[in-house]
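Novice: These are the residues of each chain, in order.
There are 4 protein chains.
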Amino acid sequence: MIITFKQTVTPETQHAFQTKFNQLHKQVFIFGLHMAVVGLDHYSFSDQEAEAIDQIIAETPSFVQASRSFHPEDSVIQLPHSEIGTKTFTIMAGPCSVESEDHIRRMAEVARRGGASILRGGAFKPRTSPYSFQGLGEEGLRYLRKAADENGMDVITEVMDETHVPLVAEYTDVMQIGARNMQNFSLLKAVGKTRIPVALKRGMAASIDDLLNASEYIASGGNTNIILIERGIRTFDHQYTRNTFDVAAVPVLQKLTHYPVIVDPSHAVGCWDLVAPAAYAGTAAGASGMIVEIHDHPEKAMSDGPQALKSDTYLTMTKRVAALRQCMATWED
Amino acid sequence: MIITFKQTVTPETQHAFQTKFNQLHKQVFIFGLHMAVVGLDHYSFSDQEAEAIDQIIAETPSFVQASRSFHPEDSVIQLPHSEIGTKTFTIMAGPCSVESEDHIRRMAEVARRGGASILRGGAFKPRTSPYSFQGLGEEGLRYLRKAADENGMDVITEVMDETHVPLVAEYTDVMQIGARNMQNFSLLKAVGKTRIPVALKRGMAASIDDLLNASEYIASGGNTNIILIERGIRTFDHQYTRNTFDVAAVPVLQKLTHYPVIVDPSHAVGCWDLVAPAAYAGTAAGASGMIVEIHDHPEKAMSDGPQALKSDTYLTMTKRVAALRQCMATWED
Amino acid sequence: MIITFKQTVTPETQHAFQTKFNQLHKQVFIFGLHMAVVGLDHYSFSDQEAEAIDQIIAETPSFVQASRSFHPEDSVIQLPHSEIGTKTFTIMAGPCSVESEDHIRRMAEVARRGGASILRGGAFKPRTSPYSFQGLGEEGLRYLRKAADENGMDVITEVMDETHVPLVAEYTDVMQIGARNMQNFSLLKAVGKTRIPVALKRGMAASIDDLLNASEYIASGGNTNIILIERGIRTFDHQYTRNTFDVAAVPVLQKLTHYPVIVDPSHAVGCWDLVAPAAYAGTAAGASGMIVEIHDHPEKAMSDGPQALKSDTYLTMTKRVAALRQCMATWED
Amino acid sequence: MIITFKQTVTPETQHAFQTKFNQLHKQVFIFGLHMAVVGLDHYSFSDQEAEAIDQIIAETPSFVQASRSFHPEDSVIQLPHSEIGTKTFTIMAGPCSVESEDHIRRMAEVARRGGASILRGGAFKPRTSPYSFQGLGEEGLRYLRKAADENGMDVITEVMDETHVPLVAEYTDVMQIGARNMQNFSLLKAVGKTRIPVALKRGMAASIDDLLNASEYIASGGNTNIILIERGIRTFDHQYTRNTFDVAAVPVLQKLTHYPVIVDPSHAVGCWDLVAPAAYAGTAAGASGMIVEIHDHPEKAMSDGPQALKSDTYLTMTKRVAALRQCMATWED
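Chains as they are written, first to last, in my numbering: chain A, 31 to 363; chain B, 31 to 363; chain C, 31 to 363; chain D, 31 to 363.
Bound-form chain A, shown alone (with noise of 0.2 Å):
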């Protein structure tokens, strides 16, 4: 159940409704007006009660916190350099894994400059085969954090375990739960009870509905700073492209939550050269950002080499992207 107050609520008038749903046992979570009760789908209040009530909304999601009707305006995440959500579209940009203390600060310096204000790259690597490289570990963290820095930028990279969560809190803005850990509950719990940023990226086969019921583990904690990434579901179709491009779950997320939503077009095709089309198409989509990676050189890369964009690809790519959101500036919903 939502309900959403008059204007005029007091502060004391919410609490109360507060602990009398708290000593039903049911959890409360607040949003300015908004009030949204788990697990109650009716009740029968009191004249006095009902007097402060604008609205009821019975039948809420599951994934209530996410949900508009609980919170109707766009989020907006802050960061050092960077905010995702507003009319600004935020590039993140970087290499799959970190590599090298050198080649992590050359990759920033072309992120930048295709306008990039968020560095990514791996430290902890989910690789497929055990026997693949796994990532450089604290090692990576540092160089990733240190050639943000020297750029002015922000850092985004992924924690794939729970006992990871306060040694990569240290050294990023925005932690990432990959596409293989987006069920990984114990995970999203952890990263829930910071206050740290979470970009969650949609499972291979997550519906929309399991998208948001994941990022709801981890506003459950406390932690509503979330950003949605789109980027390819697994389909029958992956002769072409790694993965199926779902650019259209741009518009349903954001009829559904308020959570940004940005698009990583190179997991969704897995191909270079496929890669600035489908960056084309998320934008025009109406997508509050993206995720790219870039190599200076892809057929040596240390992961993920046949989607990594070169300098000069990226370069043109961010211009067109620019471009497109100019164009767009003055749409209106």
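These are computed hints drawn from the structure, not numbers from a lab. Errors might be hidden in some of the hints.
Copies of the same chain look alike in the list, so a pair counts if it fits in one copy or across any two.
The list that follows gives simulated cross-link-like pairs (lysine-lysine, DSS-like), each with its CA atoms no further than 30 Å apart [said to hold, decoys possible]:
no.: 1; residue 1: 50; residue 2: 330
no.: 2; residue 1: 330; residue 2: 285
no.: 3; residue 1: 285; residue 2: 340
no.: 4; residue 1: 219; residue 2: 330
no.: 5; residue 1: 349; residue 2: 56
Knowing the structure of chain A, use the given hints to seat chains B, C and D on it.
Specialist: Positioned in the frame of chain A, the structure of chains B, C and D alone reads:
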């Protein structure tokens, strides 16, 4: 095998090659200096023959006529009032079904105002249930043609049945093959015997290769006036959208084939308020045009009401699509 | 709406109901005491009318004739040498394509030795590429019929094209509609006008409802001699199997419809050494029969060699299938 | 690379090879006469070395320890009261969640009566929504262990979190990794460090190779006591079944790997009246066992009620499964 002859080759020499391969019971297709020999991977040419040849590609896809190796330049489909496959973005719009003479006329006006040069409307409808409205048949074709003519537009309409091909051909400029008939090989062969342009919709579970092989059924009859339509594929995810719009299929197809590729955002998403973002995505991905459904009273539409755009939404959308295309006009490949 | 009349109802009364609904322009189907009225959810019956009625089911699926609500008992398809839908497990076997008179004769003998009472073989082949072998046409039908007759077997063969229906009907006992034509509605209507049993294969991306709605196209023409075939669906997983064998579709369909359901393990897995386990699975799941491909020299087969069983494997498999069925004979539902 | 040594090889020689490859920084795994060298495709052996070698397989799958090339014989998992991977069909049964001491005890008795030698029950539950019942935790583990012990059964229960591994290990005989955690690589590594058997469920969108690569994360830690579970995959078709039961995955996996493969018909179909036919299908396809959910009052179950079998259905089903296995007992491969 695809043979590319030297610029200096004479028609007689090309003809001699063709005769020779025909004697080996091989089908031969010619496009300019390119000659495709179906089912031949290897051949020992005489020195004299070798003299005429610039390049040989031994392994060719089964969809050889569709392939860029055989036909490197973009194909352009010419219609009285439209051309598809050039820098122009072609809009095909109209109601799902032709419902009445008056209705299609009104819809044609709206379509044209939004910049559409081709009027769509179904007279023979492939409905999931035999008890649903099956279309007005020839009466519908007549109304459709008339409405298009009055507005200086071309016509696209679906042909479901090889026995209907001559009838439909009398009224239409483009014959559409629906997704459910993409591998109705008898129908493909039948339209392949005409020279009327064919718009081939990708099947719900059709891979890219399946689509191109289906196009080859048309081309092998001699009709290479082919337009390919991405209209969404069936995936696990159909709660909020009818299909999954595979926007990356646009650049994938453009890499593989010379036929123009357009998008059908209406069927791809199946829900009117998602059609526009999908259309923007398809435009930005580089499609040569789009086909969309419009209706003045979607709630009363005889088919597919939920995905039909009202005039206002349609006109806003087409204005924005035009703006995106203008923004993209200066981009070079 | 489905009306179930009381046992005491007279034909005249039933007829009066039918006339009445026809006057309302509603299609009416009758099976015993059950009357389906298409597109009618509600009706105010007079007291006298109500007297004749035992039960009314207001909401009915669009595939009303296929439904158990309309036709509770299992349907049985009778052929000269076989019956499908009883306790007997019916085997249909033969080569993918009829290749020559001699070959189909040899294959018929093998098929029969394994217990098959129906000989399969394609004369018109729906091939992905137009340049692949397309079948022997009428010549193939003749050989197929002859081989079946010599072995006391019935014939099943595919019809791809409504114009071929009369020709194919001359030679076959069962007309097969292939997966790619499952929603070729013109073809479905054409076979629906005959009274020859139709084996309808599930499309690669067809939901259970799609399959049943397709069957309704046949039934609405008056032909309810329908057999449904589960032959694998297209999923993300096609590295080791051609399709995903949806074995649970067997009991799902049996719950919803009275038509017999058989399995096609050959197409479901597409790889000869997996056909037998899939056949055992389909048998144990309760299918009424199976259709399998056999070939004496799979490596030389003109189509689908990789999934064809050699005689030995086929004979071992059918022996085991018979043992499983015997084990299951005492099970009651 | 997999090296198969001659029967006459000495341990010293094998050790010398291992040392040599370790010096090249290659991981080496040994099984009997087979030695897998990870990431090495080619090596020039001296004549003396070549003398000891029977056969070299240069290209090996990334899941080398799982592969039949490395480990040709079937693996058998030994538990106090069960063995998995022999001719015996192993049944694991119990409620979805441990709900109370009394309840799990009653369920254990039912499970055992049906021939189950392993008791299942969740104490830590991976629920889609954070607001759903999350399991009784350690209390649940205690009840589960006790109920199993009283009935002379082994225990299988899910571990969701690497920090829980030591706790769960105290109480269980088999640690289950759920479908959502199939690529939670930290968790896989954690259970790989124990020697407790691990039952790894296939992820919803996991290919066969993904599943085997996930198993390799466990094996690379030294724990090769692995059981694989097919539990249905996510496809376009989920109207009548929760997932699509990929029954052919059983023989596919058995071809590729030596680990025992069992089926989970409960999650595969998600609907109690379809569980039995799915179980029969899995049995007939050759699975080494199954895991099923039972409940005395499914409508009151704290999780997954709709797919739980009541005692009667369960006991009938297990009797029939036993009959099928007996029928299959004489079959040789």
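Novice: Taking each numbered hint in turn, which are not upheld by the structure, reported in ascending numerical order?
Specialist: 5
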